[in-house]
Every structure is written in structure tokens, then in C-alpha cells.
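**Q** For reference, the chains in residue letters:
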Amino acid sequence: MSIAQTTEMGGPNGPPKGTLRIKVPKQLSDTQAAWFLLAPLLIFFAISVVYPVIETIRLSFYDIRGLAPEKFDGWRNYVKLFSDPNFLTSLKVTFIWAISATFFSVTIGWGLAMLCSLNPAKTLVFRVMIFAAYGVSEAVSGFMWLGIYRPDYGLLNGILEGIGLSGWTQPWLGNPSTALGAVIVAYVWTQVGLPLMTCFASIQSIPKNLFEAAYIDGAKSGSVMRHIIAPLSMPGVRVAIFINLLNSLKAFDLIFILTGGGPVRSTETVGFFMYRESMLNFKLGYGAASTVILLIAVLIVSIPLIMKRTGDAK
Amino acid sequence: MIGRTPRWIVPIVGLIALIWIVPIIGLVVTSLRPISEVILGWWSLEKFTLTLDAWTVVWDKYPLAYAFWISCKIAIISTAIPMLLAPAAAYAFHFLKFRFRRLILILIINAFVLPNQVVIIPLFRLWRDLGMIDNIWSVIIPFAGLSFAWAVFLVKNYLEDFPYDLIEAAQVDACGPLARFFYIVLPNSLTPIAAVGILQFMWTWNGLLLPVVFLRDELPLPALLARIQGVYDRNWDQVAVAAIITTIVPLLVFIIFQRFFTAGAQTKSGSKE
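Line by line, the protein sequences are chains A and B. If you use this note's numbering, the first sequence corresponds to residues 1 to 314, in order. If you use this note's numbering, the second sequence corresponds to residues 1 to 273, in order.
Read the hints as simulated data drawn from the structure, not as lab findings. Glycine included, C-beta positions come from ideal geometry on N, C-alpha and C.
Here are the computed lysine to aspartate or glutamate pairs in the EDC-like style, where the Cα-Cα straight-line distance is at most 20 Å: (1) B/Lys47 x B/Glu37; (2) B/Lys97 x A/Asp312; (3) B/Lys47 x A/Asp152; (4) B/Lys47 x A/Glu161; (5) A/Lys283 x A/Asp84; (6) A/Lys71 x A/Glu55; (7) B/Lys61 x B/Asp217; (8) A/Lys314 x A/Asp30; (9) B/Lys73 x B/Asp217; (10) A/Lys283 x A/Asp63; (11) A/Lys314 x B/Glu160; (12) A/Lys283 x A/Glu55; (13) B/Lys97 x B/Asp161; (14) B/Lys97 x B/Glu168; (15) B/Lys97 x A/Asp30; (16) B/Lys73 x B/Glu218; (17) A/Lys314 x B/Asp161; (18) B/Lys97 x B/Glu160; (19) A/Lys283 x A/Glu70; (20) A/Lys71 x B/Asp129; (21) A/Lys80 x A/Glu70; (22) A/Lys80 x A/Asp63; (23) B/Lys97 x B/Asp165; (24) A/Lys283 x B/Asp129; (25) A/Lys308 x B/Glu160; (26) B/Lys73 x B/Asp134; (27) A/Lys283 x A/Asp73.
Restraint-style ranges between C-beta atoms, simulated for each label pair: (28) A/Met307 x B/Pro34: 56 to 62 Å; (29) A/Gly222 x B/Pro34: 48 to 54 Å; (30) B/Lys47 x A/Asn209: 58 to 64 Å; (31) B/Ile248 x A/Ile96: 29 to 35 Å; (32) B/Arg216 x A/Ser205: 45 to 51 Å; (33) B/Asn135 x A/Pro304: 35 to 41 Å; (34) B/Lys97 x A/Phe282: 44 to 50 Å; (35) A/Pro85 x B/Ser36: 43 to 49 Å.
Use the sequences and the hints to build the structure in full.
**A** Structure representation (C-alpha cells):
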């Protein structure tokens, strides 16, 4: 460890030489030093977190269209949101999206992690292959999946025709009833690597003597999986659920590339609704109100995390 | 090494892994076949020719090299900022006492839950008023600002195991709080700083939402890819090349440094090993 190297600076062989003897004419107090070290970060943080959050909440009470002067509007934006069928659809889509994407990513990742943990050495390459999908830019993943879903010569329709199910072929992203499912499949493809890795790490930290004891008692790998690996990998599963849930609530990139929210807004999440209303329709106040709803949803999901972090912050 | 392993495990996982990289294979194959074959599906085998045409043409067709340069600038600057500032802040939070310390710390480390969408409308108005739309700093500032939540947390977690004796020894030797940071803590925190750098580089290189909203012509690769897909969707082979160039750098970084990503993920969620 690098800590060992520094000990030689003030080490056992007498006083520190060179670097440590800094001539500080007047030392800063702890408080001054703290603010000095924190100031640049706080400036960035104020501009890009504190100000936007407060301003988004403020703007959500205003009627703002493009460059026209803003006009205080009370709760009108929120009232309008909840009677806007497009917004209600986006709430529903976000809900389906977050729940199913998280469920499938975590289940598949966890299952794979348990399989891989039975033979960690030989499955290393395969783990990296699956994990690699998580490292591909979402914009690029979107393009890859376009090639699979293309109605004319996409891979999926090609396979269906090849196995004699030509009746099932369809424009997967152009059909409102299949588009959301298709985008979720692509999204799950990008996400599975993460639960795979967190669950795998969790399984690796299970004490080995538990397995030995189980095998000595004559347990089969099936029951080892059910009674040891599954319950003891829960920490990894929990981490994966939280991250996937948070990420999927914010999802934007893949939808932007694959469907742009369409067809007929069937793949439009709240995160995308906000983009459409504020950046394409220039209804900034309305978009801000939908962002506040998104923020509330995210905060509700992350209450346990926030409590834990706040408690740990010493 | 867990006892007797059933034989079917490795082939099954291998099969799933192979299916998993089909989209990636498809992308590479698409970029290597002439468009006349690609439009029949990259997997069609009636005629199979490999060509580097798309790879040579694409540079004149799309401003790829320029976008690559923009991506480098954005990713490197937005990575350098938290690499410098997060350790300083983590040190201040962990070893120094000052007013509002806990309050500021709680605010910063909990900001990790914020979706990017929250910053868009206010910053769009701010950049517009300041004439900063289409300036790469309009993307770099929020990229850096939003990273501190997890970056400070990651470094501070690491400092919790930092030997306090070293700090005290330096204090005895008349090291002020700044010197203690620059000469003792900083050189010994290179591991978490590297982790911050790698994670942030990936996320800022791949980011799409902020560049799409704040930039017009100075587009980084993912935003350029999104645009050319909409405009020239017939040239699948060339878009495939652009897609590979978009993702090759982060993908390599990712594969080489994968262990940092699991660590980073755990930091994001707040659990510690």
C-alpha cells in the first residue's frame, strides 16, 4: 500500500527530511482551510444542483412559453398535468418501465451470478462479455437494437421467419402495443451486467467454510444454491435493485434513440415527457412541474438510501 | 471453487453470454459489409463480402473526428474537476471541523439521487441568458456538479480507514491543514481518485441528455450519433462505424477497469463492503 511509503517521510530514522518541512508563515485555521478546500466545489454544486432544484420548483408554478414573460400561475400546471392524458400515460409507462426493467435485470443478473459462482474461474470470460453491454454507450446500444427490431430486415423478424413464424413478424418499434416491451428488452440488455457483478461480488464474500460444511453434510449444488447462496447474496441484490430502480426512473437515452417516445407516446416516460414539453414544445413551466413529479418519485424510492447516508454521515 | 459443480453450468452460461453479445457482433459486422448486403440484414449469408469502405468514407461524411475531439474535451475536463475537488472536499469533511459541516455533507452526498432532468430547464434558461448555449462548458459544469455526490462519498469512505496517526504526526511537525492535505492525504488517496476518474470519464463520455439540450453544433459523439441516425438512416454501414467510434473508448476503459464499476455502483447506493 502507498501508505507504507509515506511513513518513511517521518519514519523511525530521525526527523522528516525535505518535503514535510514546509515553511508556512502563517497557518490557516481548520475552518479557513476547510472553506478554502471546499469553495470551488461549492460553487459548482450551487450552480448545477442547488440553483436548478430550487428554480425548477419555482418555475413549476409559472406559465412560461418560450421567451414570453413568465406569469405566476399557482397550482395550474399541476392541475393541468393530472388531467393531461399524455402525462398520465407517461406516469403509467414510467411505472411499468421501472418495475419490469428492474425486475428482469435483477432476476437475470442474480440468476447468472449464482450460476457463475459455481465455477468462477471458467465463467470469467462470459461474465465480462455480459458485463460489457453495460459499458456500451446507451446511444450505441439503441442503434444496435434498431438493427434487431427493424421491420424490413431486422434480426428478430428474420429469426421469426426462419423458424416459420412469419405471422408474428411486425414493426416492433412502430407498433404501440409492442414498442414499450421492445425498448424494455433493449434496456434490460444494457443493465443486466450490473446486478450480475454486484450479486457475484456478494456471493464471493460468503465464507467458504459454509459451503464445505454443506457438502460434508451431503448437500447437492441445488440446495446449496437455495439455502446458502440465495439468502446470503441478498446485500448484492438489494444494491442492484436500488441502482436499477433509480436509473430506470431517469431513463432517457435509449428511448430518445429507439422511439423518441412514440409511437403515439407509448414509450414516453416522465423523464422523456419533461424533455418533450420543455425542449420541443417550449412549455418550460409545464415541463418543470413534470420534473418536480419525477423528483418526488425518485426521492420516495431513495428514502432508505438517503436515511442510511444521512445516518452514516459523521 | 464450490464443491462438485454440475457440468452443464459452463456451457449454459457460455450460451447466454454468446446471445448477449449478438447486438455487438451485429454492429461490427454491419460496419464491415457493403450497404447492398447490409440492407438485407447484417446476418444474411447469401453473399458475404467484407469491406472497409464504410470505415474510409465515414470520416468525410460526418464530422466524426471533430465530435471525437469534443467528446475528449468534455470528458477529460469534466473528469479532471471532480478528481481534483472531490478529494479536497472529502478531506475537509473528514478531518477538519467547521460550521455547517454535517449539513453540507448530507446535502452533497444525497444529491446523487437527482435525475439529470432536474437541472435542464433552469440551466437552459441560465445558459441562454448568458449566451452559453453551444459552449462545451454548458455541459461540463453540470457534469462536474452532479458528480460530487458520489465522488465525495467514494473518497470519504476511503478516508475512514486512513491512519489518523499520520495526520497527527504531521500536525506535530507543524503541518497546517492545507499541507496535511497536499502532502499526506492526497498522495495516499490515489486509489479512490482513480476510481472517481474512471467512473466519471465513462459517464460523461456516454451522456446524451445534457449535450442534446445544451449543444447545437459542438456535438460530442453520442449526440452526433443520435442526430445522424435521424437524418441519414439509409447508410447503416456508415452509422455503424460512427457507433463503434462512439463507444470504443469507453468500452475499452470499462473492460480494463471493470472492478471499479462494481465499487462505484456500491458507492452510488451507499452500501459498503
